[in-house]
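Undergrad: Residue numbers (my numbering): 1 to 674.
Relax, there's no trap hidden among the hints.
Between beta-carbon pairs, the in silico distance windows are:
#, residue 1, residue 2, range
1, A550, K505, 17 to 25 angstroms
2, D82, S292, 32 to 40 angstroms
3, D82, I15, 41 to 49 angstroms
It should be emphasised that the hints constitute simulated quantities derived from the structure, not laboratory data.
For clarity, every value in this text was computed on a predicted model and none was experimentally measured.
Just so it is clear, CB atoms sit at the ideal spot from N, CA and C, and this is done for glycine as well.
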Amino acid sequence: MRKSFGIAAKLALAISLFAAPVGFTIYKLYKSQQVAIDFGDKEAQGNSYLGILRQAHGDLLAGADKAGIASAIATAEANFGDEMFSTELAQAAEATLQSGTVPEAAAAIRALIVQVGDKSNLILDPDLDSYYVMDLVLLKVPDLMDRVTEVANYARDHQQATGGGSYTITDVAEFLKLDGGFNTVVAGAAGSMDSAYKGSKDNGFGLADILPDRLGKSYEAMNNALAAFTASYINSELAGGTEKLDIAAIAAAETSGRDAVEAFGDANDAALDELLAARVNSFWADRFLTFSITFVLFVLAIVGTIYFIRRSVTRPVNDLAGLMEQLAEDRTDLTVGLTARGDELGRMARTVETFRQGIARRLELEAAAQAEAQRRETQLRDIQALCKEFDQAFVGAVGSMIGSAGDLEQQSEVMRSAAQTSGRHSESVSRLASIAAGNAQSIASAITEMSASISEIGRQAETATQTAETAVARASDIGRIVNGLTEVAGNVAGVLGLIRDIAGKTNLLALNATIEAARAGEAGRGFNVVATEVKSLAKQTTDATAEIEAQIAGVQRTAQEAAAAISEITSVINGMNESTGAIFAAVTQQSAATQEIVRNVTEATAKTQEVASVIGEVKTAANTTGERSDRVLEVAGSVNGQAGSLKSVVEQFLGQLISTAGQGKQATGQRRVA
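Using the sequences and the hints given, assemble the complete structure.
TA: Listed below in structure tokens is the structure:
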């Protein structure tokens, strides 16, 4: 089954392996978003539990039946307590309601409220609007209800204790302390409301600025009721005023205030539920949007990958397979594409193109082989014809060869005589060539020594040229230094002129000072002495400056003369350099000419020696020729006898060759038929 598993399917399987990490990433994203959703859901459960506890707390302070309150707490604990870890505190609150006082029961309920707020994540709420609404629900509203009840109970208790009489300063202080705590909680509630309003400006859940609409009226009603409650006792004697304490008015204001606080708490419960629901819905919407986009992108990626595989892999592979099937049928009039690609398919395409070229070459070779077979068949026919012609011509040729053998005997005798004469002349030429070679060798040695002398002269001339160039460079450097010295001397002269001007002005000032000292009489005598000394110093400065200028002028003249002399030296050295260069060039040319002469003389010597050697070989060859001439005479005699034998052998060979050509022609025809 794996053999039928196509490339596209294999690539798809390989790509699908990448879906595992993608799926794991999506799963982790789902879990992280689910954590936020569960966080919000738990806050909503906690708010529901807190609504029941706040109602129970209000009913307890209003004097409702404790058994009913305990039953409500037990029901709420059964519905929401598993995730709040509040079982022990709930049971403690129920027990306190059965056997404890109202303050003890209120404290137990408040402890349960704090536990639920902590474990339901409300205290950890990340959004400012819902956080401060939670603060109102969890802390401020129960505190307000407790504070209203404490103030009213304190007033009632002291009214009953004194019978409406006067109060001690301690009573007033304690009452004002309770009033201060009450006002602090009211101010804290106002601060939480302000922060909640600010946080709801842009909560990102589509509920911007909903809190003023949801809480504004109940908050205003609560503030009015609490203000009326404060007004019912603030001017009383118990509060440090002058009016009698009106317990009935305080009780009525207490009830109205507690009801207003409870209504405000209900409004906060509803607003908090709405905010939490909006947040959870936003999380759900974000997750839906995220997974929708992820799914769409994943599908697009799969579709794009499949399209890319089909276009870039599957289709080219199928095209190459089709081309190879056609090549198997010896079709070479095909165009192989994809050869320009740099990947594996490009390599496959280039390989297929190589196969196509190989098949085309094979077909060409087969055609050439057929043509060669036809050519050989024609050639065999031609060989048969030529053999017949050769047979006819050979008979005449053998007869001619026999006649020529006689002529060969006569010519061999003549050649032996000429060889003897050549040997005698070769001895004379060899002796003269040896003498010429010795003379040429002597000339070559003399010219070689002359070439070495010329080379030494050239080397010395080249050294002189380099020395002259170095002298020119050093003279140029000295010229630049002398010119710099001249410029420095000029600058010093300028500075001396400035000093001379300053000395003149100093002298003039000293003269003016002397005149002014003379006018001053006895009082200016000391100043006159100083002026005279300054004048003397100015004169000395002027004289010294003149002397320095004279010295500087001498330095400048000397520097100019040195510069002129260096310039002349540079010109002379340049002339020497040019002359030396000309000498070096001439010596170089002479050396080249001398070397050419040496080469020619050496070559002439070698050729002379070669001539002597060749003459010696000629002499040897002449002797050998004489010896061979005798042998030729013997061979010419045997040629006549062998010519007859050769004729019979050739006739037999031609007969066999014609027979073999006929068999080859028959075999070629059989191969062509096959």
